[in-house]
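Undergrad: Single-letter residue listing:
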Amino acid sequence: MSIVLSVTDYSLTYAGGAQALIGVSLAIPRGRVLGVVGESGSGKTSLAYAIMRYLPAGAVEAGGPIRLGETDLRTLSQAQMREIRGARIGMVFQDPSASLNPTLTLGEQLIEVLTRHKGLRGAEARDRAEALLVRVGLRDPAAMLRRYPHEASGGEKQRVVIASAFAAEPECLLLDEPTTALDVITARQILDLFAELQAETGVAALYISHDLALVSRVADRVTVLHRGRVVEEDAADEVFRAPREDYTRRLVAAVPRPDVRLVADTPDTTAAPLLAAEDMTVRYGRPSLFRRAPQTTGARDVSLLVRPGEILGVVGESGSGKSTIARALAGLNPFEGAVRLGARRIERTSAMDRAYRRAVQIVFQHPDASLNPRHSIGRILSRPLALYGAPEGVGRGDAIAALLEEVQLPASYARRYPHQLSGGETQRVAIARAFAARPSLVICDEITSSLDVSIQAQVIALLLRLRERLGTAYLFITHDLNLVRQIAHRIAVMYRGELVELSDAGTLGGPASHDYTRALLQAVPTPAGV
Amino acid sequence: MPDLLRRLLRTPQGAIGLAIILAALVMAIAGTSIAPYSPEQFHPRARFGGPSAAFWLGTDQFGRDLFSRLLAGARATLFYALAATLLGTAAGAVLGTLSAFLGGLVDEVLMRIVDAVMAIPNLLFTLLIVTVLGASGVNALIAIGIAFTPGMARVTRSVALTVRRQDYVAAAIARGESSGYIVLREMLPNVVGPIVVEATIRVAFAVMALATLSFLGLGAQPPSSEWGLMVAEARPYLFRNAWMMIVPGFAIALVAIAFNLFGDGLRDALNPRT
Numbered sequence: 001m002s003i004v005l006s007v008t009d010y011s012l013t014y015a016g017g018a019q020a021l022i023g024v025s026l027a028i029p030r031g032r033v034l035g036v037v038g039e040s041g042s043g044k045t046s047l048a049y050a051i052m053r054y055l056p057a058g059a060v061e062a063g064g065p066i067r068l069g070e071t072d073l074r075t076l077s078q079a080q081m082r083e084i085r086g087a088r089i090g091m092v093f094q095d096p097s098a099s100l101n102p103t104l105t106l107g108e109q110l111i112e113v114l115t116r117h118k119g120l121r122g123a124e125a126r127d128r129a130e131a132l133l134v135r136v137g138l139r140d141p142a143a144m145l146r147r148y149p150h151e152a153s154g155g156e157k158q159r160v161v162i163a164s165a166f167a168a169e170p171e172c173l174l175l176d177e178p179t180t181a182l183d184v185i186t187a188r189q190i191l192d193l194f195a196e197l198q199a200e201t202g203v204a205a206l207y208i209s210h211d212l213a214l215v216s217r218v219a220d221r222v223t224v225l226h227r228g229r230v231v232e233e234d235a236a237d238e239v240f241r242a243p244r245e246d247y248t249r250r251l252v253a254a255v256p257r258p259d260v261r262l263v264a265d266t267p268d269t270t271a272a273p274l275l276a277a278e279d280m281t282v283r284y285g286r287p288s289l290f291r292r293a294p295q296t297t298g299a300r301d302v303s304l305l306v307r308p309g310e311i312l313g314v315v316g317e318s319g320s321g322k323s324t325i326a327r328a329l330a331g332l333n334p335f336e337g338a339v340r341l342g343a344r345r346i347e348r349t350s351a352m353d354r355a356y357r358r359a360v361q362i363v364f365q366h367p368d369a370s371l372n373p374r375h376s377i378g379r380i381l382s383r384p385l386a387l388y389g390a391p392e393g394v395g396r397g398d399a400i401a402a403l404l405e406e407v408q409l410p411a412s413y414a415r416r417y418p419h420q421l422s423g424g425e426t427q428r429v430a431i432a433r434a435f436a437a438r439p440s441l442v443i444c445d446e447i448t449s450s451l452d453v454s455i456q457a458q459v460i461a462l463l464l465r466l467r468e469r470l471g472t473a474y475l476f477i478t479h480d481l482n483l484v485r486q487i488a489h490r491i492a493v494m495y496r497g498e499l500v501e502l503s504d505a506g507t508l509g510g511p512a513s514h515d516y517t518r519a520l521l522q523a524v525p526t527p528a529g530v
Numbered sequence: 001m002p003d004l005l006r007r008l009l010r011t012p013q014g015a016i017g018l019a020i021i022l023a024a025l026v027m028a029i030a031g032t033s034i035a036p037y038s039p040e041q042f043h044p045r046a047r048f049g050g051p052s053a054a055f056w057l058g059t060d061q062f063g064r065d066l067f068s069r070l071l072a073g074a075r076a077t078l079f080y081a082l083a084a085t086l087l088g089t090a091a092g093a094v095l096g097t098l099s100a101f102l103g104g105l106v107d108e109v110l111m112r113i114v115d116a117v118m119a120i121p122n123l124l125f126t127l128l129i130v131t132v133l134g135a136s137g138v139n140a141l142i143a144i145g146i147a148f149t150p151g152m153a154r155v156t157r158s159v160a161l162t163v164r165r166q167d168y169v170a171a172a173i174a175r176g177e178s179s180g181y182i183v184l185r186e187m188l189p190n191v192v193g194p195i196v197v198e199a200t201i202r203v204a205f206a207v208m209a210l211a212t213l214s215f216l217g218l219g220a221q222p223p224s225s226e227w228g229l230m231v232a233e234a235r236p237y238l239f240r241n242a243w244m245m246i247v248p249g250f251a252i253a254l255v256a257i258a259f260n261l262f263g264d265g266l267r268d269a270l271n272p273r274t
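Quick note, the sequences are listed as chains B and G, same order. Residue numbering for the first sequence is 1 to 530, as defined by our numbering. Residue numbering for the second sequence is 1 to 274, as defined by our numbering.
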């Protein structure tokens, strides 16, 4: 079998002395897909850039060749490389809206590829472009060619990007997290499309992702990268079922598997609800002096309740209204309908008093954005203590140290600033801040989505430990169905602003389930070999 | 902070601006004690003198030493300009951040008022305020501060709008912080960078505006040696001794340019990517 792309014992060091890649070797035969998996900082994106020859000034390379067919890409000039990019190597990046030029129509961008690399002109190029769009599953290709990127959805844009990657009939494709920015169902469609086109054209592909479960589905072989080194390379299902290296084993163990429950107890279903939303509707739009507010509905007539100590999962794609509900319950969005906390009925955000805000805390998705960069960790944690009081007989400083210890951070971190901590550590601080008020419900709004899978597992373990000790209930919002099925007692499914289903975690997706729920469950990549 | 200073000094504008400003500050602080004469001492035999060994920059119509008067006037000019800018910046920053935080109708009304005020030419507006308050150095300072407020509020609001969307502001609202705490402690520290740059450039305008007001007789009053007033007093004698006008005029221009350069340098230093 002929090798299309090969990298042999390749090392890369950046100007600051950071070693991005150390002795990396890989080879992709024609018609095969090699998955590259690694956490942030593992060097997987550096690898893609090295192959594409997009290296920053001062980067030092060592070791063997990067061969495309017979050509060593390292020896080519930038001008020669421009002839190769797009023509012999195609690329698909994570965010389709960033890789398309917003000021050109989709047609202009696709036709440019055909003109440049295939030498097609005029009507010929247009016909070919339309045929390509039909091939990637876009229904009205002529209309799509006339649209600008902002007039197409994320999935449609990524289809166009894939069409232009395949347009020049390249020998090799690089895909860097091509579905990470997309919704679960759209991501699944894009993956299926890629698999189909790949089989049809026999292109060799390098598929980079942080998602081990997903890669094990797409790729024939998987290479696991860790801190710039290849840790393990094997057939995809082998890596997942029988990982040989310690690091891979930990990585595989951290991947959420819906069949492994992490929470054993069940909350008392006869207990009075802790918090309930009753026919909650949230509208967006800012009124101006001369104009009534334009009414965009973020969520419509949502009713749900959380029992004491319960974990209620809320899932849905982006724009489904799951975060809208979370922010309304935290008193950040005005709403219609009512919220009930214990016996109290609250109908306006302004009626959420100190007692409510203390009882209901929220943790956000991006810890970098939710911690004020100008405040030290100590100061961040001291605010809820100042508002709601430290525990009896404990000084402010000791209380902060105790909070940090609770989330397994050293007390000395109180003097540090958020930018001096890693992503996982800042999210722990955000959790500590939420628990400082000793709440009865914590709303977790996608709190692990920006974290690596191993860090995610640690944060989840921390949350479960805190719940066990303090009996806190969680409203756990996520797009990760596998994760939520591991921990939630009940799961609410939201779709286009409405709550379409609310059922026990065990019965989710059963015959009584909503069509959307079943579509969602089918789209989720479950790890190979499970 | 030392890192910022190093980047600032690496830009030529920043280094030159900072050097001139430091020199001017030394003049303002130590001026009267290093001056060779008292700024109000008459030398009747040496009226309308050009630069000489005894009087380095010449003398005025009463034979007062221009160099000594320049040093003494630095304090009035520089400190008043800085104070006026500080006043305008602080008021504008709080107003702009508050407007961005509250949003909705309050924001709309505040910003339309700002628009209306900004439609009046700045100097005219300053003159109006001084006329109402009465002519004096302190009133000129207050007038310039007020005249700066709408512009600063505008700049601050646009920065604060992006800060407003950050989750740490949402987190503060969710835990029940007061609006005052959120505006002053959570948001303001994060909008300070662009404001500092804008404020430094505005000091140059303040120096000019103060000099203008004094020149028109609405700011500092004789026998003060505020630089604008020195220029005004030199006007009738322009053809007998041009040094009387050149010396303070040049000083005003130099300080204004220095603050402009410093502001440019600071902007580059705060944005390493541009």
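No wet-lab data here; the hints were simulated from the structure. Watch out, some of these pointers could steer you wrong.
Some but not every residue of chain B turned toward chain G, in silico, with C-beta under 7 Å [said to hold, decoys possible]:
no.	residue
1	Gly41
2	Asn101
3	Cys172
4	Leu332
5	Pro334
6	Leu385
Pair by pair, the computed Cβ-Cβ distance ranges are [to be verified]:
no.	chain 1	residue 1	chain 2	residue 2	range
7	G	Gly103	B	His514	43 to 51 Å
8	G	Leu102	B	Gln78	50 to 58 Å
9	B	Gly17	G	Gly193	46 to 54 Å
10	B	Ala15	G	Gly193	23 to 31 Å
11	G	Ser33	B	Ser376	41 to 49 Å
12	G	Gly193	B	Ser25	20 to 28 Å
13	G	Gly103	B	Tyr54	56 to 64 Å
14	G	Met118	B	Gly16	44 to 52 Å
15	G	Ala242	B	Ser376	17 to 25 Å
16	B	Gly17	G	Leu9	55 to 63 Å
17	B	Leu305	G	Asp115	55 to 63 Å
Owing to the predicted nature of the structure, the values given are computational and were not obtained by experimental measurement. The beta carbon of each residue, even a glycine, is placed where N, CA and C say it ideally should be.
Undergrad: With reference to the structure, classify each hint as holding or not holding.
TA: Verification of the hints:
no. : hint                              : in the structure
1   : Gly41                             : violated, 22 Å
2   : Asn101                            : violated, 21 Å
3   : Cys172                            : violated, 33 Å
4   : Leu332                            : holds, 5 Å
5   : Pro334                            : violated, 11 Å
6   : Leu385                            : violated, 11 Å
7   : G:Gly103 <-> B:His514: 43 to 51 Å : violated, 37 Å
8   : G:Leu102 <-> B:Gln78: 50 to 58 Å  : holds, 52 Å
9   : B:Gly17 <-> G:Gly193: 46 to 54 Å  : violated, 29 Å
10  : B:Ala15 <-> G:Gly193: 23 to 31 Å  : holds, 27 Å
11  : G:Ser33 <-> B:Ser376: 41 to 49 Å  : holds, 42 Å
12  : G:Gly193 <-> B:Ser25: 20 to 28 Å  : violated, 46 Å
13  : G:Gly103 <-> B:Tyr54: 56 to 64 Å  : violated, 42 Å
14  : G:Met118 <-> B:Gly16: 44 to 52 Å  : holds, 46 Å
15  : G:Ala242 <-> B:Ser376: 17 to 25 Å : violated, 58 Å
16  : B:Gly17 <-> G:Leu9: 55 to 63 Å    : violated, 26 Å
17  : B:Leu305 <-> G:Asp115: 55 to 63 Å : violated, 48 Å
Of the hints listed earlier, those the structure fails to meet are numbers 1, 2, 3, 5, 6, 7, 9, 12, 13, 15, 16 and 17, in rising order.
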